[in-house]
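Participant: Line order of the protein sequences matches chains A and B. Last residue of the first sequence? That's 317 in the working numbering, and every number before it is there in order. Last residue of the second sequence? That's 255 in the working numbering, and every number before it is there in order.
Just so you know, the hints here were simulated from the structure itself, not pulled from any lab data. Keep in mind that this is a model prediction, so the values were computed, not measured. A hint or two may mislead.
Stated by the list, open to error - So the derived list for chain B, only partly shown, Cβ under 10 Å to chain A, looks like this: (1) L54; (2) E92; (3) M95; (4) F97; (5) G99; (6) F100; (7) L102; (8) F103; (9) V119; (10) K120; (11) P123; (12) A164.
Glycine included, C-beta positions come from ideal geometry on N, C-alpha and C.
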Amino acid sequence: MATDTAEPAASEEIKAIPVRHPGRWVAVAVLIFLGIAVGNSIASNPRFQWGIIRHFLFSAPILRGVVVTIELTLAAMAIGIALGVLLAVMRLSPNPVVASVSWVYIWLFRGTPVLVQILFWYNIAALYPRFGLGIPFGPTFAHLTTGSAITPFVAGVLALGLNEGAYMAEIVRAGIISVPEGQTQAAQSLGMTRLMTMRRIVLPQAMRVIVPPTGNETISMLKTTSLVSVIAVTDLLYAAEVIYSRNYRVIQLLIVASLWYLVLTTVATVGQYYVERHYARGASRELPETPLQRLRRNLFTFGHSTEAVPEASGERR
Amino acid sequence: MSPPMVKAEAVRKRFGRLEVLQGVSLEVEPGEVVCMIGPSGSGKSTFLRCINHLEKIDAGRLWVDGDLVGYHQVGDKIYEQRDAEVCRDRSEIGMVFQGFNLFGHMTALENVIEAPVHVKKIPKREAIVQARVLLERVGLAHRLDNYPSQLSGGEQQRVAIARALAMNPKLMLFDEPTSALDPELVGEVLDVMKNLAFEMKTTMFVVTHEMGFAREAADRVLMMDDGRIIEEGTPEHFFDAPSEERTKQFLAAIL
Chain A
1 MATDTAEPAA
11 SEEIKAIPVR
21 HPGRWVAVAV
31 LIFLGIAVGN
41 SIASNPRFQW
51 GIIRHFLFSA
61 PILRGVVVTI
71 ELTLAAMAIG
81 IALGVLLAVM
91 RLSPNPVVAS
101 VSWVYIWLFR
111 GTPVLVQILF
121 WYNIAALYPR
131 FGLGIPFGPT
141 FAHLTTGSAI
151 TPFVAGVLAL
161 GLNEGAYMAE
171 IVRAGIISVP
181 EGQTQAAQSL
191 GMTRLMTMRR
201 IVLPQAMRVI
211 VPPTGNETIS
221 MLKTTSLVSV
231 IAVTDLLYAA
241 EVIYSRNYRV
251 IQLLIVASLW
261 YLVLTTVATV
271 GQYYVERHYA
281 RGASRELPET
291 PLQRLRRNLF
301 TFGHSTEAVP
311 EASGERR
Chain B
1 MSPPMVKAEA
11 VRKRFGRLEV
21 LQGVSLEVEP
31 GEVVCMIGPS
41 GSGKSTFLRC
51 INHLEKIDAG
61 RLWVDGDLVG
71 YHQVGDKIYE
81 QRDAEVCRDR
91 SEIGMVFQGF
101 NLFGHMTALE
111 NVIEAPVHVK
121 KIPKREAIVQ
131 ARVLLERVGL
141 AHRLDNYPSQ
151 LSGGEQQRVA
161 IARALAMNPK
171 LMLFDEPTSA
181 LDPELVGEVL
191 DVMKNLAFEM
201 KTTMFVVTHE
211 MGFAREAADR
221 VLMMDDGRII
231 EEGTPEHFFD
241 APSEERTKQF
251 LAAIL
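Chain A on its own, in the form it takes in the complex (with noise of 0.2 Å):
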């Protein structure tokens, strides 16, 4: 039989009709129906006293708590991100008392829970009644007294900064080593120190791998902070529990509380998203889609087949 090489022959078109999921319309039903259900269900209980939810979600002391506990968080996480990063440096040090200093930080805030770290630093006048900056075992140039220093605000800060640099560091760590020998090697080889290596070549590969886990610390972080209420921090939960304090809505309020809190991950959770998009530069042949990109191509295949179309996955950057 004789091949023709030179011209591809005419190939015919495939134009099937599309295999039907009836299945997926019926789950869609089932669950609009127990949807209507739920939300007739809230809609209707007067007990809910949604006015009173509304009264209170854009109240001035709610607004001011989200403030704080706003504050909180990206304090608390500069704090820990910039320590991470320091202690998984530390960690992977050749010189063995730097990297057990490491070792030894990590196992203390780790191994303690993050309430009693706030409860101490909220204490930590009773060690220390006053401190001062000097030479230690020589003179001393300032004098501050702990309380001044040291508001509840303060030792929040402190305590979700320092427990959050232990988990942060083994983040980074584990970023660190995802970047493959190699990239080390090659940076080497081409003059560059051990800092300038990090910095330029392994650090910005590693975020790859960092940034999924640190959005889920920031959202965790997000909601750990309403820990520092026990040391009346005015955040979001304590300005809650203060209201209800004096009205008894005690469930209005917590409802005003989690609408905030769920405003601010969904916040959170769209910022890692382009974040991550941001450091998958080079990681993968095509960036992946933008959520708008995706829902565009879902409903246009829903209830087809899953494929993607692929002129929507086109974009570069």
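With the hints as your guide, set chain B onto chain A.
Facilitator: Just chain B now, kept in the frame of chain A:
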């Protein structure tokens, strides 16, 4: 007379109990192209990595361009070099790896300008002009803005060669540069290397199994086995009449 570009005297290196290099002595003159062949595990790559101090030697002496690698000698005392000095010496030696090792988060162009800008402190604009010339020379003028994951193996290796050349090295080390490539991509990398050897008169030390390249471009071939150089000669010598039994076996297996 200028000192040899590389000079090794009874170099030894052990990993734990395994002695990988058992007294390697050789010389590479400036402008020379030397190929090193030998079975895997014979210590070729280790020796190459010793030349730019990615591995520390345990005994013997190793010089590049007249200077001890990793140490400096005052009288009869030998001092270990500080990190900055090791880095400066490395920046004058280009290295190309079997696995390319391009920086994955940077485009081809960014890979090439990285070391000139950050190690040599050349103004970025100047480095870009130079990098474009180099990438054009390796035939990749149209691939400047692609990330390594978007390039074929042969293209990645050619970017890696351009990256090493960007530091204007006095010596180029190649560690099995074509071993990880699909057969049809080997040629394009070897062409770039031949160009370096013939046009640019670059001093090259190449660990390779490409006997065709050795025959065409090498001034000398060294055969390594079990941490020792067992035979040395012109490429013709190796093709026509290798003297050692071990060399004959090895060449019969790879040709």
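Participant: Now tell me, hint by hint, if it's right for this structure.
Facilitator: Here's how the hints hold up against the structure:
The closest approach between the C-beta of B:L54 and any C-beta of chain A is roughly 6 Å, which is under the 10 Å cut-off, so the hint is satisfied. Contact between B:E92 and chain A, as hinted, is supported at the beta carbon level, the nearest pair being about 8 Å apart and thus within 10 Å. A hinted interface residue such as B:M95 counts as satisfied when its beta carbon comes closer than 10 Å to some beta carbon of chain A; here the least separation is about 4 Å, so the hint holds. Annotation: B:F97 was flagged as interfacial toward chain A, and the flag holds, the nearest CB pair being 6 Å apart, inside 10 Å.
Residue-level restraint check for B:G99 holds (minimum Cβ-Cβ distance to chain A is 5 Å; threshold 10 Å). A cut of 10 Å between beta carbons decides the hint on B:F100: the least distance to chain A is about 8 Å, and the hint holds. Proximity of B:L102 to chain A holds as hinted, the smallest CB-CB distance being about 7 Å (cut-off 10 Å). Here the hint on B:F103 is kept, as its CB sits about 6 Å from the closest CB of chain A, short of 10 Å.
Taken as an interface hint, B:V119 checks out: its beta carbon lies about 5 Å from the nearest beta carbon of chain A, inside 10 Å. With a least beta-carbon distance of about 8 Å to chain A, the hint placing B:K120 at the interface is held under the 10 Å criterion. Taking 10 Å as the C-beta contact cut-off toward chain A, the hint placing B:P123 at the interface is violated, the least distance being around 17 Å. Using the Cβ-Cβ criterion of 10 Å, the hint placing B:A164 at the interface with chain A is satisfied: the shortest such distance is roughly 8 Å.
In this structure, the one hint that does not hold is number 11.
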